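Novice: In order, the protein sequences belong to chains U and H.
For the first sequence, this note's numbering begins at 1 and goes up steadily by one.
For the second sequence, this note's numbering begins at 1 and goes up steadily by one.
Just to be clear, a hint being listed does not mean it is correct.
Below, computed lysine-lysine pairings styled on PhoX-like, alpha-carbon distance capped at 25 Å [unchecked claim]:
| # | chain 1 | residue 1 | chain 2 | residue 2 |
| --- | --- | --- | --- | --- |
| 1 | H | Lys-64 | H | Lys-163 |
| 2 | U | Lys-6 | U | Lys-25 |
| 3 | U | Lys-6 | U | Lys-34 |
| 4 | H | Lys-87 | U | Lys-6 |
| 5 | U | Lys-20 | H | Lys-139 |
| 6 | H | Lys-224 | U | Lys-49 |
| 7 | H | Lys-87 | H | Lys-257 |
| 8 | U | Lys-20 | U | Lys-34 |
| 9 | H | Lys-139 | H | Lys-185 |
| 10 | H | Lys-237 | H | Lys-224 |
| 11 | U | Lys-34 | H | Lys-64 |
| 12 | H | Lys-237 | H | Lys-52 |
| 13 | U | Lys-49 | H | Lys-139 |
| 14 | U | Lys-49 | U | Lys-20 |
| 15 | H | Lys-7 | H | Lys-52 |
| 16 | H | Lys-52 | H | Lys-228 |
| 17 | U | Lys-49 | H | Lys-185 |
| 18 | H | Lys-224 | U | Lys-20 |
| 19 | H | Lys-64 | H | Lys-7 |
| 20 | H | Lys-237 | H | Lys-87 |
| 21 | U | Lys-34 | H | Lys-185 |
| 22 | H | Lys-214 | H | Lys-224 |
| 23 | U | Lys-49 | U | Lys-25 |
| 24 | H | Lys-64 | H | Lys-185 |
Some chain H residues close to chain U (C-beta under 10 Å, calculated; not the full set) [said to hold, decoys possible]:
| # | residue |
| --- | --- |
| 25 | His-25 |
| 26 | Cys-29 |
| 27 | Gly-119 |
| 28 | Val-120 |
| 29 | Phe-122 |
| 30 | Cys-144 |
| 31 | Leu-148 |
| 32 | Pro-160 |
| 33 | Lys-163 |
| 34 | Gly-167 |
| 35 | Thr-184 |
| 36 | Pro-231 |
| 37 | Gly-254 |
| 38 | Lys-257 |
Calculated from the structure, these hints are not laboratory results.
Nothing here was measured: the structure is a model prediction, and the numbers come from that model.
Backbone N, C-alpha and C define an ideal beta-carbon position, used for all residues, glycine too.
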Amino acid sequence: METAEKTLDEILTLAAAHFKVPREKLSPDEDFFKALGIDSLQTLDLLTKLENHFRVELPDYELQGVTDFRTLAARIQARL
Amino acid sequence: MGEKQFKGQALSWQVQGGVIELALHRAPCNELGSLSLAELEQFASALDNLEKNAHALIIHSELKPGFCAGADLRELYEQSQAMETSKAVQGVRDFLERIHRVLNRIDAASLTTIAAVHGVTFGGGFELALVCDLIIADKMARFCFPELRLGLIPGFGGIPRLKRDVGNAVVRDLLLTGRSFNATKAQQIGLVSQVVAEGEALRAARATTAQIGKFDRQTAVVAKQFIKPVPLDELRKEIDMFCELFSRPAVQAGLKKFVESTEAQPYLP
């Protein structure tokens, strides 16, 4: 069972690598759309990356309105 | 260029070693509008000759965002705004009749057909993939029927064809929630035959066509006809239902909202 902090850390690392953003420039409470500079199609990419990495299903509507990494981590944590 | 090779604005095809490769390349993500439909109709006409000397067809996208994001909703919205409702509904019906003829033709082709998909495979794009005998997906592919957000049902044969391939509960889940599935989930429910690494779907599809080419063609055709009937009655019913729904003001409001949306997930209501 992963801890919430570990989940958050893995999300930040994964997002930084996938969207080629320096890891140190991402912080947990930051708006990830702005931090990663991603559009709607790239948001789907991120969703798929996270599902594949954590081996979970994340229904799109559960992430609607989620904009920061910490809340995203909590949603994933709830399905681990 | 003859029928063996075609390069259009929305798609291209070529034939090599008995395999037809149909490549989609209309930015941003192969939205299916009047231009794509006209070129798909050219392909469907060419199929009569192409399939005489081929055993397989691969449909794939050359664009990074994905296989196909579905119907061109901007074009649909702009065209329907420019005319009164009854004419707009008739226009939609004509478009659906034409695209159904093309998709039914590919569905029943005497070839083994493969959709090699990646990224966004939504709405009409998902419906195009469902026409094929096999779907090979890279692990970043996502499937979705978001039509209910617009007050519509899928219009390019989605429900009858999805119902042909998977259980009714899965159809209801995709349709009634509008959520998207990844490739792994799509394989678990029996929709996708192979999941491969990122960027590998076309290569895997080509390898599969090489295997398919070893079989007696007539036997493969008989097997396909036996196991994969085209659900013509339900497809006809779908066009009627779609047109009935399309005449409501809620649809215009849904289209407007989508076209003007700056949301990260515009396919959600």
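Novice: Under the criterion that the straight-line Cα-Cα distance not exceed 25 Å, is the pair Lys-139 (chain H), Lys-185 (chain H) satisfied?
Specialist: holds (10 Å)
Novice: For the pair supplied as a hint, Lys-20 (chain U) and Lys-34 (chain U), is the alpha-carbon distance within the 25 Å limit?
Specialist: The given pair, whose Cα atoms are some 14 Å apart, holds under the 25 Å limit.
Novice: Do the numbers back the hint for Cys-144 (chain H), that is, is its least Cβ distance to chain U under 10 Å?
Specialist: holds (8 Å)
Novice: For the pair we were handed, Lys-224 (chain H) and Lys-49 (chain U), check the Cα-Cα distance against 25 Å.
Specialist: violated (35 Å)
Novice: Assess, step by step, whether the Cα of Lys-87 (chain H) is no farther than 25 Å from the Cα of Lys-257 (chain H), and give holds or violated.
Specialist: holds (22 Å)
Novice: Is the Cα-Cα distance between Lys-224 (chain H) and Lys-20 (chain U) 25 Å or less?
Specialist: violated (45 Å)
Novice: Checking one constraint from the list: CA of Lys-49 (chain U) to CA of Lys-139 (chain H), max 25 Å. Satisfied?
Specialist: Holds: Lys-49 (chain U) and Lys-139 (chain H) sit about 9 Å apart, inside 25 Å.
Novice: Let's test the interface hint: is any C-beta of chain U closer than 10 Å to that of Phe-122 (chain H)?
Specialist: holds (9 Å)
Novice: May I ask you to test the interface hint for Gly-119 (chain H) with respect to chain U, counting a Cβ-Cβ separation under 10 Å as satisfied?
Specialist: holds (7 Å)
Novice: For a C-alpha distance cap of 25 Å, please report whether Lys-214 (chain H) and Lys-224 (chain H) respect it.
Specialist: OK: Lys-214 (chain H) and Lys-224 (chain H) at ~16 Å, within 25 Å.
Novice: Against the 25 Å threshold, does the CA-CA distance of Lys-6 (chain U) and Lys-34 (chain U) hold or violate the hint?
Specialist: With Cα atoms ~23 Å apart, Lys-6 (chain U) and Lys-34 (chain U) stay inside 25 Å; holds.
Novice: Sort out whether Lys-224 (chain H) lies within 25 Å of Lys-237 (chain H), counting only the CA atoms.
Specialist: Holds, at roughly 24 Å.
This entry does not satisfy hints 1, 4, 6, 12, 18, 21, 25, 31, 32, 33, 34, 36, 37, 38, going by the numbered hints stated previously.
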